[in-house]
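S.K.: Residues per chain, in single letters:
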Amino acid sequence: MKQSKLWIWLLVLTAGALLAWRSGLCDFSREALYPYENACLWFERTVWVRVQAVFARAGNASRNAMLERDVARLRIAAAEAEALDAEVARLRDLLEFVPPVACRWQAAPVLSRGGTTAVWQSLRVAKGAKHGVRKGDPVVVPDGLVGRVTEVSRHTSEVMLITDPNSRVACELETPGEGVGVVRGILYGGGGQPLGGDPQLSLLYVVDPLRLRYLARDFEPAPRTRVVTSGLGQTFPKGLTVGYLLESRLEPNGLSREASVMPAADLAALDEVFILSFKGGRHAP
Amino acid sequence: MRLDMNLPVALFTLFVAALLQDLIPATPAFPAKIGLLTAVALHAALTKPMTVALTIALWAGGLTDALGGLPLVCTSAFLWLVYGAVRLLQRVFLEGTLVQGTLLTACAAVLQTVWTRLWVDTGEAFFAWHTLERLGYSALAGLVAGLAGFALCGLADRLSGNVKPAKESHGILWAETDR
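Going down the list, the sequences are from chains A and B.
The C-terminal residue of the first sequence carries number 289 in our numbering, and the numbering is unbroken.
The C-terminal residue of the second sequence carries number 164 in our numbering, and the numbering is unbroken.
Careful, some of the hints might be misleading.
Partial chain A-side listing against chain B, Cβ under 7 Å, derived [what the hints assert, rightly or not]:
| id | residue |
| --- | --- |
| 1 | LEU15 |
| 2 | VAL16 |
| 3 | TRP25 |
| 4 | ARG26 |
| 5 | SER27 |
| 6 | TYR40 |
| 7 | GLN110 |
| 8 | PRO113 |
| 9 | SER116 |
| 10 | ARG117 |
| 11 | ALA272 |
Derived coverage of chain B by chain A (criterion: at least 3 residues anywhere in the stretch with Cβ under 8 Å from a Cβ of chain A; other residues may be distant) [unchecked claim]:
| id | segment |
| --- | --- |
| 12 | 8 to 18 |
| 13 | 30 to 41 |
Treat the hints as calculated values from the structure; they're not laboratory data.
This one's a predicted model, so the numbers in the text were calculated from it and none came from an experiment.
A virtual CB, placed ideally from N, CA and C, is assigned to each residue, including glycine.
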């Protein structure tokens, strides 16, 4: 009888907590799993990698040589960039140009993908409010844009990917020679709605391309044109690579053009991402 | 006072299920999550008293929603409805065995996908081929979840002493003698 009473109390308390403390419960659950997910990550990165290395030494040697060549090449590029930085600073001084707000980036390992339901296209990363991450911070990898931070707890952050149906990114096409506003649009996340047609049965899973909408109707961009952030949405800085254009066509209403875009980053194989934080709040340079 | 071993067992199984469900990703080749939390709730519905089963269903649903970005009563409400259905079906044929639990979890996973789709708008057309494709993946994920979830819960129950696996010579479970 007493045990039944205990469970009734637990039931009532849980129901109350679910109804009255919703956001706190989300943070609490994420933080409760964080140490164990982090432990799994540590195991994968330190122990499992070494176990694999035992079986793949020859591969590692060739990979090491390739990485050394890459490092040498990047050192040269960094030296060139330093010279360019100095030149930019000198020219800004001459023009009395106010530089954009500085941003800092921090690497964040990916803890899990899609949460427990995989309804949304999201990631959970091991950096949170403790590390200065805030809602809305852009998330990138060297290949291109990944998404933005939507929820932050003390040690973790939820990242909404650009492929999520709720994602909207202000973008423009990198098309030299066209006027301002001609090639700007809004990039919509995927969602099983192919460009201009009904969904069809597909036996092989293909990544849904993103949809770039509201482009100027008279301009027909070439396939493989690079799509970058325009900075007009006040969330992402200008010039981040988002993806590459596949094809474009007039929207059904005939007022504007829409294009399908393949993301530049391989969003299904992310192990580590970079979170950009702006010191002076949201900014579009 | 004798400690109710249902509580630590429930906490342990829910924690392990939540951790595994969160960590195992839905890949492009298999775009469905293994719903271990649902399996734990269904195991409780089949084998535990009503208050225990409903509390575990509420916890499992809350964890699924909190870690999956869903409205916080979405999955809990579904699991309570499933609990009612399971209790009705138990009068006819359902038992807490591994095989029946696995099949039940597969069916529940398909229904849960539809239920979740009714609660959240993902921007996809519902009456389309890819919905059928997704339901197929959910059923497969449910089979895996049911097998693993019922095995885990059964093991935890036996180790904790909630259920005694030893059989008499005539084949009746010791646990059956308490009913």
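S.K.: None of the hints should be skipped; say for each whether it holds.
M.R.: So, going through the hints one by one against the coordinates:
At about 4 Å, the closest approach between the beta carbon of LEU15/A and any beta carbon in chain B falls short of 7 Å, and the interface hint on this residue holds. Hint status for VAL16/A relative to chain B: violated, with the closest Cβ pair at about 9 Å, above 7 Å. With 7 Å as the threshold, the beta carbon of TRP25/A stays out of range of chain B, its nearest partner Cβ sitting at about 9 Å, so the hint is violated. For ARG26/A, the interface hint holds, since its Cβ comes within 7 Å of a Cβ in chain B; the closest pair sits about 5 Å apart.
Hint status for SER27/A relative to chain B: violated, with the closest Cβ pair at about 9 Å, above 7 Å. With its C-beta approaching chain B no nearer than about 5 Å, TYR40/A sits inside the 7 Å limit, and its interface hint holds. Restraint check, GLN110/A versus chain B: the minimum CB separation of about 23 Å is more than 7 Å; hint violated. Interface restraint check: PRO113/A against chain B, minimum CB-CB distance 13 Å, threshold 7 Å, status violated.
Hint status for SER116/A relative to chain B: holds, with the closest Cβ pair at about 5 Å, below 7 Å. Interface restraint check for ARG117/A: the shortest CB-CB distance to chain B comes to about 4 Å, inside 7 Å, so the restraint holds. Given hint, ALA272/A at the interface with chain B, holds; its Cβ is 5 Å from that chain's nearest Cβ, closer than 7 Å. Figure legend: the segment 8 to 18 of chain B, annotated as covered by chain A; annotation consistent (9 residues with Cβ-Cβ distances under 8 Å, at least 3 required).
Residues of the segment 30 to 41 of chain B with a Cβ under 8 Å from some Cβ of chain A number 5, which satisfies the need for three, so the listed coverage holds.
When each numbered hint is compared with the structure, violations occur for hints 2, 3, 5, 7, 8.
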